[in-house]
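Enquirer: Sequence:
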Amino acid sequence: MQKGVKREIITTADGSTTIDLPELNEQYHSKHGAINEAKHVFIKSGFRHILNKEKFDSLHILEIGFGTGLNAFITFLEAEKNDQNIDYVGVEAYPVAFEEAKLMNYSEELGVSSSEKVFESMHLSSWETPVAISSDFLLTKRKQFFVDIEDENCYNLIYFDAFGARVQPELWTVEVFKKMHIALRQKGVLVTYSAKGSVRRAMQEVGFQVERLPGPPGKREMLRATKA
Numbered sequence: 142m143q144k145g146v147k148r149e150i151i152t153t154a155d156g157s158t159t160i161d162l163p164e165l166n167e168q169y170h171s172k173h174g175a176i177n178e179a180k181h182v183f184i185k186s187g188f189r190h191i192l193n194k195e196k197f198d199s200l201h202i203l204e205i206g207f208g209t210g211l212n213a214f215i216t217f218l219e220a221e222k223n224d225q226n227i228d229y230v231g232v233e234a235y236p237v238a239f240e241e242a243k244l245m246n247y248s249e250e251l252g253v254s255s256s257e258k259v260f261e262s263m264h265l266s267s268w269e270t271p272v273a274i275s276s277d278f279l280l281t282k283r284k285q286f287f288v289d290i291e292d293e294n295c296y297n298l299i300y301f302d303a304f305g306a307r308v309q310p311e312l313w314t315v316e317v318f319k320k321m322h323i324a325l326r327q328k329g330v331l332v333t334y335s336a337k338g339s340v341r342r343a344m345q346e347v348g349f350q351v352e353r354l355p356g357p358p359g360k361r362e363m364l365r366a367t368k369a
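Here the numbering used here = 1-based position in the sequence shown + 141.
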C-alpha cells in the first residue's frame, strides 16, 4: 500500500509530529494531536484501564501498526511510572526508516529529552527477535502483515492502530478481529481510535464485548473491546 506513496512530516495540533500521506489524506496519528491521541486511546483507555482491574507480573501488549514508535515509547514511560514489567510486540508490515523516526519530536514534546536514546533504541533494535530496551521492557518487532498473525492466548492488551478503514478496509474485518480475539488472553482488552459501526459489529461477531467511549480530540467516540 505504501510503495511509492509520498510522505511528509507534519506538526499536529498539540505540537507533536507525525507522518502524513497527502495523496491518501491519511496520517500515522491524528492531526488533532499525535501525543494526545496516543495518551487517550492507548494509555488511558487501554494501559491504565487494564492495570486498574488486575495486577500483572508482566503485561503482554501487542501493537497492530508499530509505525513511528510513539505508542511503544509512551507505554515505556508509563510503565516506568508504574514499576510495571512489559513484554511488548509491535507488528508492522512497512517499517518506518530510522532517519524518518529521528525527525519525530516526541521526547521534546513529552518533556523527557533524557529518554531520547530509548526512543532511538526502539527503532535501531533488530527485527524478529526480543530486545531488552530496559530491565523491565522487552520489545519484539515483527515485520508482518496483520492477516498473517497466528498468536494464540498471548496478550493482555492490544493497541489496534492500523491505518483507517477508509484507505485499508481489509485491516478492519471479521477475519482480522477473529485473529485479535484468539491472540488475547481471557479478560484481555483491545483498544482502537475507530468508532465505525462496521468495526464494532465485526468485533461483536467474533465474540468481543464492545464499549463506545469518548474519543480523543477531533473524534466523538472510540472503541474498547474485551474478551469475556
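Misleading hints may appear alongside valid ones.
[Unchecked claim] Listed next, the in silico DSS-like pairs over lysine-lysine satisfying Cα-Cα at most 27 Å (straight line):
hint: 1; residue 1: K320; residue 2: K196
hint: 2; residue 1: K222; residue 2: K258
hint: 3; residue 1: K258; residue 2: K243
hint: 4; residue 1: K196; residue 2: K172
hint: 5; residue 1: K360; residue 2: K337
hint: 6; residue 1: K222; residue 2: K328
hint: 7; residue 1: K360; residue 2: K185
hint: 8; residue 1: K320; residue 2: K284
hint: 9; residue 1: K320; residue 2: K194
hint: 10; residue 1: K185; residue 2: K147
hint: 11; residue 1: K196; residue 2: K328
hint: 12; residue 1: K147; residue 2: K172
hint: 13; residue 1: K243; residue 2: K172
hint: 14; residue 1: K196; residue 2: K284
hint: 15; residue 1: K258; residue 2: K284
hint: 16; residue 1: K337; residue 2: K196
hint: 17; residue 1: K360; residue 2: K194
hint: 18; residue 1: K284; residue 2: K243
hint: 19; residue 1: K319; residue 2: K360
hint: 20; residue 1: K172; residue 2: K337
hint: 21; residue 1: K147; residue 2: K284
hint: 22; residue 1: K185; residue 2: K196
hint: 23; residue 1: K319; residue 2: K258
hint: 24; residue 1: K360; residue 2: K147
hint: 25; residue 1: K320; residue 2: K337
hint: 26; residue 1: K172; residue 2: K194
hint: 27; residue 1: K196; residue 2: K222
hint: 28; residue 1: K194; residue 2: K319
hint: 29; residue 1: K172; residue 2: K284
hint: 30; residue 1: K147; residue 2: K243
hint: 31; residue 1: K320; residue 2: K185
hint: 32; residue 1: K337; residue 2: K185
Everything labelled a hint here was simulated from the structure, so no lab data went into it. Computed from a prediction, not measured in an experiment: that's the story for all the values here.
Enquirer: Against this structure, judge whether each hint is valid.
Expert: Results of checking the hints against the structure:
Annotation: proposed proximity of K320 to K196 holds, straight-line Cα distance about 25 Å (limit 27 Å). The hinted pair formed by K222 and K258 meets the criterion: a straight-line CA distance of about 18 Å does not exceed 27 Å. Proposed proximity of K258 and K243 is supported: the alpha carbons are some 11 Å apart, at most 27 Å. With a C-alpha separation of about 34 Å, the suggested pairing of K196 with K172 is violated against the 27 Å cut-off.
Pair hint K360 plus K337 holds up; C-alpha atoms about 11 Å apart against a cutoff of 27 Å. At most 27 Å may separate the alpha-carbon atoms for a hinted pair to count; K222 and K328 meet this at roughly 24 Å. Pair hint K360 plus K185 holds up; C-alpha atoms about 15 Å apart against a cutoff of 27 Å. Using a Cα cut-off of 27 Å, the hinted pair K320 and K284 holds, with the two alpha carbons roughly 17 Å apart.
Taking the CA atoms of K320 and K194, the gap is about 24 Å. The hint holds against a cut of 27 Å. Distance hint between K185 and K147 is unfulfilled; the C-alpha atoms sit about 32 Å from each other, more than 27 Å. Distance check on the hinted pair: K196 and K328 sit about 13 Å apart at the alpha-carbon level, within 27 Å; holds. Between K147 and K172 the alpha-carbon distance is near 17 Å, which keeps this suggested pair within the 27 Å criterion.
Taking the CA atoms of K243 and K172, the gap is about 19 Å. The hint holds against a cut of 27 Å. Under the criterion of a C-alpha separation no larger than 27 Å, the hint pairing K196 with K284 is inconsistent with the structure, at around 30 Å. About 22 Å separates the Cα atoms of K258 and K284, which keeps this hinted pair within 27 Å; it holds. Proximity of K337 to K196 is assessed by CA-CA distance (about 31 Å); at most 27 Å being required, the pair is judged violated.
As the CA atoms of K360 and K194 are separated by approximately 26 Å, the hinted pair is consistent with the 27 Å bound. Only pairs whose Cα atoms come within 27 Å are accepted, and K284 paired with K243 is accepted, the gap being roughly 20 Å. With a C-alpha separation of about 26 Å, the suggested pair K319 and K360 falls inside the 27 Å cut-off, and the hint holds. With a C-alpha separation of about 18 Å, the suggested pair K172 and K337 falls inside the 27 Å cut-off, and the hint holds.
A C-alpha spacing of about 21 Å is found between K147 and K284, which places the hinted pair at or below 27 Å, so the restraint holds. Pair hint K185 plus K196 holds up; C-alpha atoms about 16 Å apart against a cutoff of 27 Å. The suggested pairing of K319 with K258 is violated, with an alpha-carbon distance near 36 Å, which exceeds 27 Å. Taken as a hint, the K360 and K147 pair is honoured in the structure, with Cα atoms around 26 Å apart against an allowance of 27 Å.
Proximity of K320 to K337 is assessed by CA-CA distance (about 19 Å); at most 27 Å being required, the pair is judged to hold. Our distance criterion of 27 Å between C-alpha atoms is broken by K172 and K194, whose separation comes to about 31 Å. For the suggested pair K196 and K222, the alpha carbons sit about 15 Å apart, so the restraint of at most 27 Å is met. For a cut-off of 27 Å, the pair hint linking K194 to K319 stands: about 24 Å separates their Cα positions.
At most 27 Å may separate the alpha-carbon atoms for a hinted pair to count; K172 and K284 meet this at roughly 26 Å. Of the pairs offered as hints, the one joining K147 and K243 holds, with about 18 Å between alpha carbons and a cut-off of 27 Å not exceeded. Simply put, K320 and K185 have alpha-carbon atoms about 24 Å apart, close enough for the 27 Å limit, and the pair holds. The hinted pair formed by K337 and K185 meets the criterion: a straight-line CA distance of about 20 Å does not exceed 27 Å.
Violated hints, listed in ascending order, are 4, 10, 14, 16, 23 and 26; each of the other numbered hints is respected by the structure.
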